[in-house]
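S.K.: These are the residues of each chain, in order.
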Amino acid sequence: MTLQDTNTAAARAPHIGQAHRRQTARRHLAGRGRFVSDIVLPRMLHAAFVRSPMARGRILEIDTRDAEQSPGVVRVFTARDLNPSCKPWTGTLDHFATMVSAPQNILAEEEVLWAGHPVAMVLARTRAEAEDACELVMLDIEEGEACVDGHAALTGDAPRAAPGLDSNLCFQTVLETMAVDAAFAGAAHVVEGDFTFGRHTAVTLEPRSVVADFDAASEQLTVHHGTQTPYQFQDIYARHFGLAESRVRVIAPDIGGSFGMKLHLYNEEMATVAASLKLGRPVKFVADRLESFVSDIHARDHKVSARMALDAEGTILAMEVDDMTQIGAFSTYPRTSVAEGNQVVRLMGAPYRMPDYRGRLSVVFQNKVQTSQYRAVGHPIACAVTEALVDKAAARLGLDPFEIRARNVVPDDAYPFVSATGYSFEKLSHEACLAKLRELMDYDALRAEQAALRERGIYRGIGIAPFVEITNPGAAFYGVGGARISAQDGAVVRLTPSGEVQCAISVTEQGQGTETIISQIVADQLGVAPEQVKVTTGDTDTTPSGGATWACRGAGIGGETALRAGRKLQGQILALAGQILQSDPADLALADGHVVDAQSGTRRMPLAEIGRIATYRPDTLPEGADNSLTAAEHFAPSGYPFDFTNGIQASLVEVDVETGIVRLLKHWVVEDCGRIINPLLVDEQIRGGVVQGLGPALFEECLYDETGQMTNASLADYLVPMACEMPDIVIGHVETPTNDTILGAKGVGEAGTAAAGAAALNAVNDALSPFKAEIRQTPMTPLRILAALGHV
Amino acid sequence: MTMDIELTVNGEHVRESVEPRMSLADFLRERLQLTGTHLGCEMGACGACLVLLSGKPVHACLVLAVQAAGETVETIEGLSESGAIADLQAAFHDRNALQCGFCTTGMMVNAHALLGDNPAPERAEIRDALSGNYCRCTGYEAIVDAIDATARKRASDVEAPA
Chain A
3 MTLQDTNTAA
13 ARAPHIGQAH
23 RRQTARRHLA
33 GRGRFVSDIV
43 LPRMLHAAFV
53 RSPMARGRIL
63 EIDTRDAEQS
73 PGVVRVFTAR
83 DLNPSCKPWT
93 GTLDHFATMV
103 SAPQNILAEE
113 EVLWAGHPVA
123 MVLARTRAEA
133 EDACELVMLD
143 IEEGEACVDG
153 HAALTGDAPR
163 AAPGLDSNLC
173 FQTVLETMAV
183 DAAFAGAAHV
193 VEGDFTFGRH
203 TAVTLEPRSV
213 VADFDAASEQ
223 LTVHHGTQTP
233 YQFQDIYARH
243 FGLAESRVRV
253 IAPDIGGSFG
263 MKLHLYNEEM
273 ATVAASLKLG
283 RPVKFVADRL
293 ESFVSDIHAR
303 DHKVSARMAL
313 DAEGTILAME
323 VDDMTQIGAF
333 STYPRTSVAE
343 GNQVVRLMGA
353 PYRMPDYRGR
363 LSVVFQNKVQ
373 TSQYRAVGHP
383 IACAVTEALV
393 DKAAARLGLD
403 PFEIRARNVV
413 PDDAYPFVSA
423 TGYSFEKLSH
433 EACLAKLREL
443 MDYDALRAEQ
453 AALRERGIYR
463 GIGIAPFVEI
473 TNPGAAFYGV
483 GGARISAQDG
493 AVVRLTPSGE
503 VQCAISVTEQ
513 GQGTETIISQ
523 IVADQLGVAP
533 EQVKVTTGDT
543 DTTPSGGATW
553 ACRGAGIGGE
563 TALRAGRKLQ
573 GQILALAGQI
583 LQSDPADLAL
593 ADGHVVDAQS
603 GTRRMPLAEI
613 GRIATYRPDT
623 LPEGADNSLT
633 AAEHFAPSGY
643 PFDFTNGIQA
653 SLVEVDVETG
663 IVRLLKHWVV
673 EDCGRIINPL
683 LVDEQIRGGV
693 VQGLGPALFE
703 ECLYDETGQM
713 TNASLADYLV
723 PMACEMPDIV
733 IGHVETPTND
743 TILGAKGVGE
753 AGTAAAGAAA
763 LNAVNDALSP
773 FKAEIRQTPM
783 TPLRILAALG
793 HV
Chain B
563 MTMDIELTVN
573 GEHVRESVEP
583 RMSLADFLRE
593 RLQLTGTHLG
603 CEMGACGACL
613 VLLSGKPVHA
623 CLVLAVQAAG
633 ETVETIEGLS
643 ESGAIADLQA
653 AFHDRNALQC
663 GFCTTGMMVN
673 AHALLGDNPA
683 PERAEIRDAL
693 SGNYCRCTGY
703 EAIVDAIDAT
713 ARKRASDVEA
723 PA
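In the order they appear, the protein sequences are chains A and B.
Under my numbering, the first residue of the first sequence carries the number 3, and numbering increases by one thereafter.
Under my numbering, the first residue of the second sequence carries the number 563, and numbering increases by one thereafter.
Take the hints with a grain of salt, since some may be wrong.
On the chain B side, residues computed to face chain A include the following (Cβ under 8 Å) [said to hold, decoys possible]:
{"id": "1", "residue": "T597"}
{"id": "2", "residue": "C603"}
{"id": "3", "residue": "A610"}
{"id": "4", "residue": "T637"}
{"id": "5", "residue": "N658"}
{"id": "6", "residue": "L660"}
{"id": "7", "residue": "M670"}
{"id": "8", "residue": "G678"}
{"id": "9", "residue": "D679"}
{"id": "10", "residue": "R689"}
{"id": "11", "residue": "E703"}
{"id": "12", "residue": "V706"}
{"id": "13", "residue": "R716"}
{"id": "14", "residue": "D719"}
Hint data in this document are derived by calculation from the structure and do not stem from the laboratory.
The C-beta atom is built at its ideal place from N, Cα and C for all residues, glycine as well.
Only chain A is shown next, with the shape it has when bound in the complex:
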């Protein structure tokens, strides 16, 4: 059997598609997780940071003398000490033409640019002693005028958010089709709205954590880093600190949540590495929750004006969108803060046949925490704006929300299809998802119940929101823009002397079950059980280099890499078995831990025997036989630039029109992520994603005052979704595998987040419709709902 003539994955796959449990979960259940925050090394110092108390100002003096004398303190560093060791970083990419951002370095040099900007670093024997000493650092900062509001920041006389900027415009782009103005001119109906999407943040339960350990004797830097992208950080640490890549090892052990937030470069991580390089001993930094709020990237923060043109039958003709997004004083590195807005303007109207479009994006600097990529980058904004306008159009035309969408989604038989914004869709399933959702939620019964309850003064709302999700990105995402971010992944699969399997792979695990699905995929290629496949991830020294985990690529790209590596090893095993058994390898197969006869399934020899002979008795093999039982394979997506997935969500809410409080009663998702490798894990990715979409729709917001101070920067004040507020979530599936890969899997991690907020927004507006009230701002707080109702 050769690599080419293997049967389809489905036909040969007893474990792909099964709900295998995560073996690694058992460690966590026993309290045996090993997070970066748990790591203690000999002679390790603890870091704490002195931060700017104001959003904008000029540093006049930093006096560290008292802090240096504080008990337990080893060193106090300022920019003068650390920044020269680090090449500055600039968060721009070539494919976002004309974008600008000021260079950044570890600690604030002359100016502080947001409240929380690190100014000094204290290293002490304990974190408590380091924090004590931070209190003794005397900062003299002359307060300046901060840019807080994005629209105001764009006026000519506004102060600049960072030194060296000609204006506060980071990036602007316009996408448009030829006939968009004609479409609006000839439209029977135009609906429009202004929308505001608040800032929120990831709030991973384990804060950002790093332990940097530089051993001067071996010139080896080892960084234990709570990140989803260890190879990216290996490259960054090597280049920015002038180290050979081979002398930098990044290990990402158990990660207490990431969701995109932990793949950006932060001042504190660079400071920790710089301090370890300087002192030649391990340095640990674990953000406390208060500093997480003012240093972890924030997300979203968009103001969108949008309108939609329709003909008399409710056919969507065009959309015109203006998105202004506010990103802080710098664009993040190495992925920029432009990708979010870029995806907002490109995903508008994505489920629909809409032929014409104009989207304008303005990315604006201000003196707040940086915003950047977080789970479902851009998707929730595009989906909420589009679906709110579709509902508005449905109301105008007297159409049911399902009916107007049925008239407009790209038909399931119309693929491949290119959207008005230029995205190429291989094959999506909006019609099937729409039909399945309607049945799953028993839509007609819910409408009848809603009408009956309204008679009694109970206001329920039903909202639906189809979506398109970007997954499995190729190099078009970052690589073409000059970013050293890998679009490919790598796997090394080997048969051990005992006939078990090990797979070292570049995609990483943050609890979503990456290691489990990789074991299932490899197991199927080698005829073993997933429990016999040990998967290693998250260590740049022991796994091949690759993109790791972001933009929903673990299953689609990582899984395909593992499949191909597994098949390569399968070929090697069968070739060797053929020589041992004096058989044609094409007549052999692997099953149940054995080499078997391909036709009859009769067992010919155990894999353990192959391992034993190849390892201990290669002398007994025929001359020239290859005893290699290790196979490496790298895979980069080709064909379509992304694998788009699709689905639809629905939300049922009840609004108390006296208090403005929204109760989430139930949520439904029908999702098409292509081939499902593990339905248990897929469903829980969707549920978790939905709740990360509902949080910012109803609760989560980083609130700032007019001076640029975040006013709710603690977990007592910032509202996260908790168990008692969240609904049960019913999930259905449609499976449309991609033909770009053998495996056929697409991504699923961001689907839940993409449309949950849109569905909730439409549901709340449906509940408010008897009062002719509508809300166009998230989070939909009780006060905002009361304002929409005219009560306040």
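Here the structure of chain A is known, so what remains is to put chain B in place on it, guided by the hints.
M.R.: Chain B alone, transformed into the frame defined by chain A:
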């Protein structure tokens, strides 16, 4: 200044000298290397640090180590090794009621305490009992399912003849 304290942790007698300001969570994690107790907010809002202090769940970040002197403390490690939560652990595993694992240990401690107080909770009661345990990964439903399944299994095991 330090103070000498003696207490029982997971059934073992412990004697240590601690600063009065040291939290029980830091004491468990740093002195005893019981790193299964996690810190998510250090202000009693997230529930990651829940341990049993004399049988009752407390936020170890809000209790000083010196306040635990003379008391018994049980952490996830002790509950796991004694077998007291074996069925809960199995239910969480079966239902995939955890992802990153960081909230999980606090969830287990709270779920164990809940089922001790209320062996047959309604789903709404389970959600209410978890209202101080933040989980960013799962969306909570699987956790509620796992606790619900454990309660039902315990009830049916009691009813069924041995």
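S.K.: Now, for every hint given, state plainly whether the structure supports it.
M.R.: How the hints compare with the structure:
1. T597: holds, 4 Å
2. C603: holds, 4 Å
3. A610: holds, 6 Å
4. T637: holds, 7 Å
5. N658: Holds, about 5 Å.
6. L660: holds, 6 Å
7. M670: Result: holds, 7 Å to nearest chain A Cβ.
8. G678: violated, 18 Å
9. D679: violated, 17 Å
10. R689: holds, 4 Å
11. E703: This hint holds: B:E703 lies near chain A, its Cβ roughly 5 Å from the closest one there, short of 8 Å.
12. V706: holds, 7 Å
13. R716: violated, 17 Å
14. D719: violated, 20 Å
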